[in-house]
Structure formats: structure tokens, C-alpha cells
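With the hints as extra help, turn the sequences into a complete structure.
2 protein chains.
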Amino acid sequence: MIKKMNKKTCTVFYVSDGTGITAETVGHSLITQFTGIEFNETRIPFVDSVEKAELAAQMIANTPSDFQPLVINTVVDESLRKIIHSGGGLKLDPFNRLLRRIERNLGIERDPGVGRAHGISDKNNYDARMEATNFALSHDDGVSLNYAQADLILLGVSRSGKTPTCLYLALHYGLKAANYPITDDDLEFMRLPKEVMEHKNKLFGLTIDPFRLSQIRSERRPNSRYAELRKCQTEVSDAESIYHRNQIQFLSTTHTSIEEISGKIMVELGLNRRLY
Amino acid sequence: MIKKMNKKTCTVFYVSDGTGITAETVGHSLITQFTGIEFNETRIPFVDSVEKAELAAQMIANTPSDFQPLVINTVVDESLRKIIHSGGGLKLDPFNRLLRRIERNLGIERDPGVGRAHGISDKNNYDARMEATNFALSHDDGVSLNYAQADLILLGVSRSGKTPTCLYLALHYGLKAANYPITDDDLEFMRLPKEVMEHKNKLFGLTIDPFRLSQIRSERRPNSRYAELRKCQTEVSDAESIYHRNQIQFLSTTHTSIEEISGKIMVELGLNRRLY
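For the protein sequence lines, the chains are A and B, in the order given.
All residue numbers for the first sequence refer to the numbering used here, where the first residue is 20 and numbers rise by one.
All residue numbers for the second sequence refer to the numbering used here, where the first residue is 20 and numbers rise by one.
Any copy will do: because identical chains look the same in the list, a pair fits if it lies in one copy or spans two.
Below, computed lysine to any residue pairings styled on SDA-like, alpha-carbon distance capped at 20 Å:
{"#": "1", "residue 1": "Lys219", "residue 2": "Lys283"}
{"#": "2", "residue 1": "Lys219", "residue 2": "Ile261"}
{"#": "3", "residue 1": "Lys110", "residue 2": "Glu122"}
{"#": "4", "residue 1": "Lys221", "residue 2": "Tyr166"}
{"#": "5", "residue 1": "Lys283", "residue 2": "Leu74"}
{"#": "6", "residue 1": "Lys27", "residue 2": "Glu60"}
{"#": "7", "residue 1": "Lys26", "residue 2": "Glu122"}
It is worth saying that the hints were derived from the structure and are not from the lab.
Here it is in C-alpha cells:
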């Protein structure tokens, strides 16, 4: 066996006075552009007091790293920021410079008290999200075929990724996403029920590589006919025929993340987010 | 009636060669720090060709705005970036400067081909997400009390926010989040079933303002005893007693977003994300 070469490691801290989601999203985007180094990421959220800032500084100072640690810091309070950076580390602030440019453009100063994007609980957002989540759950897997309220209806064979995509669209964008499983009956007659076809402009199909599908199904029901490669190949090919025949747009989930699938569906169907 | 004063508007574009999620997260964080101006946000994702870049430039040039439009641009390809910015607008790049500083720190150059954080489909991520989503669905609302595999178990009365929080934790962090509804039976005897109490270190409680709860329940079942304020007050107060009595940590979902609830639960239970 070839011994795996030890990669150098670099620690990364996402420090925030809120959830740290924004700092993490930005930081993760940055470090994925560097290959050959192992990044050890730590999120330090809710740093809103001197004690917590000192704790963060200690963590930064004491965690081993082959490079100066990267510190993505989105804490707004200047005195807390100073404490955090007393722990050393490369200061990376994705916001300050951009905020100053926006201030100049708008001719007003920002209001530092309102900056926590993910901490603001907005009743309308909450309601839209709840409603969309409940809708996704009650319209999962063809349980209800009442699609009048649906923003979209995802089609696909069993285990092609319909449910997680619908839930993602509901939680992230407040969209009412139903899904309808293409079953043996539909495949045999090469058509979809009229409840589905009545909403043709809301339909979007998912497909998947049959080998991957067989693998996923095997994890669920090992050695079943359901998981057999032959069966998966036939189902996927028939489902794609149904999409072609009915001019339903579709995409493959095999090499695509849920974020990207969701984004593409929204572009193709012309849907906008209902919440932040 | 008092005529509402017309706020000045500023258009904001999130332009990306991927889903645009990162650009949007950053941009939205920035503009929420400015009050008194109405921002009209447009995401332009998957800009990966000259044609799409030209279309983006046209949109930027032609959309009405009282200020120079803000353009948060995370497209990597330099020639496409130039085309996009030919549409005018204030260029806001959250990454370039930070990337150069990280390059200097690490002593290597970034690999521009691998930068799409949300486009990378990683089999392990996919599997973790699917497994966690299926777990949340099969362990929703006390359907299964088999908690050996659970990372956490959320408690709360009906409509306190358990299900969306579990699904969010599954989709975002790959955590296996079960939830158990505190029902009249539990409240009457002021205790929880042994299947739940056996996993005390995984328990976390949700609570909610009874007025808000009554409002949420009324939307679901108007004029029901279930939605009555008195009933909601008793249930919430009894649920909180159960938490206190059993030393179960809890928080209120009334003024807290799902992102923040999730973040706090992870900190309190010492859980780390299983996926990006």
C-alpha cells in the first residue's frame, strides 16, 4: 500500500455575533478554491460578550495549524472584534469594505443594530416557511393530488431526490413544492394522471443515473427487485420518455447538489423566493 | 388615511456562475444594515457564457433604480465579469481581495476551477443529507421512538416549530433530528415516556409565546379547543415545567428564526455539522 502523504493543515474560524451562517458560507466558498491543503473549520457563533470574545481568542491562539489560522470575523461590535483578533490569525472581514462603498453610494450610514440577517424573525417569513413546509409534507409522494396551490410539482421515479428537493425549496424559499412519484403504472401506460397533467406549467422532472439509483435503492432494500440495475435502467429510461413525450423539462440529480437543482428549477419555471 | 411616504428604491443584483446562494447571502446581509431604503433584489444565477453575461448586463442597465444599482458579482471568469460590469452598477466583489490575502498566507495560488461551493456534488454529502432527511421524516412527531441513531430529539407542544427545525438541521447540517410532541397525556402526568428519557443528553425543548401559538393553531383549526388561548397557556406552562423538572435545556421560537434556533441547539448540545 502507498502511504497517504500528510497534507498540511490550516485551521479556519468563523466568528459571528449571530448564527455564523453568513461567515461560514463566505469562508467555505473561499477555502474550496484551494486544493492540497486540509482545512479544519470551526464555527464560533453568538459571540456577543467580552467573555465569549476572549474564549474565541483563546481557541484561535491554541488550536494547532501549519499556517496562520484564517479568521472570518463578522462580529459588528468593534471592541469585541479587537478582543477576538488578539488571538492572532489572519483577519478576514468580508463586509467592512463593501459596507463603506455602499454607504458612499447611498449617501447614508448603516444602522449597525439591524445587521443580523439570520437573527431577524419576521412573522411573514415564519408563516410562509411553515405553510410551505406543511405543504411539502402533505403533498409528498403523491399523497394529495390537489395541486391548485402548488408553485411546482416535481416528478421522478422512487429515490430520484424529489422529497429533499421539495423540502429544501420550502424551507429556503417558501415555495410550495409538491412531488409525484412516477410508478410502474404510469410507466406501463407511458402517461401521467390527469390531476398532474392539468398543471403542466408547474411540472419539472428529475432523473438520475441508473447505476447510482440502484446503489441508493440497495441501501434501502438490499437484494430487492426494486434495487436491481435492470429495473432501474428501465424505469429511468421510461420516465425520460414520458418527459420528452410531454415536453416536460427535466434534469439529472446524479452530479448536482440540492442547492443547484433548486436554483435551476426556479430559473426554468420562473419562480422567485417567497422568503429570506 | 395618511399617504405612505414613498421610499427611495435601490436595485441589487446577485450575479454568479453557480447558484448565486453565496452572493445572495453576503449581499442580503449587507443591505439589511441599511434602513429607510427599499431594495429590489434580483438573483442572476448560472452566468457561465458570453450570452448570459450580456443578458445580465442588459438587466443591470435597464432596471430602474434611484441609486446606482448594487452588483454583487461572484463570477470567477474575468472576461465574463467585464461584460457584466459593462451594464454599469457599483461593483461589489466579496471574494477577490480576501482570496489574494489567503493566497499570500498559504503561499499557493487558488485553483479557479474548483470554486463553486454549492455546485460540487459530493457523494458523502448527498448520502448524509438523504439519510438525515429520511430520519427526520420517519422520526417526526413521535412516529418512531427508536432514538439510538438520533443526534438530537426536539420536544415541544403541537405547532411549536419542531418539524421545520428538524428538517432544517437535516438538510443543512446532515444531523439526525427526531422530534417528540408533548401531548395531553405527558402534560397530565408531568413526565415523558422512558424511550425519550433514556436519551436525556440528546433532548432539547422548544417553547413559544401562548398568544402566538393560539394564532398559529387558529389558522389550522379555527375556533377549536386546540387553538383556545387558555388551552395554549396551560400547555406551554406545563411543558416548561417538564423541562425545568428534568433539567432539559429549552428556548423560545417566538422571536427566533429557524437558522438561529438550529445554531443555538447545536452549540448547547455540542453538535457539529456532518455536511456542507
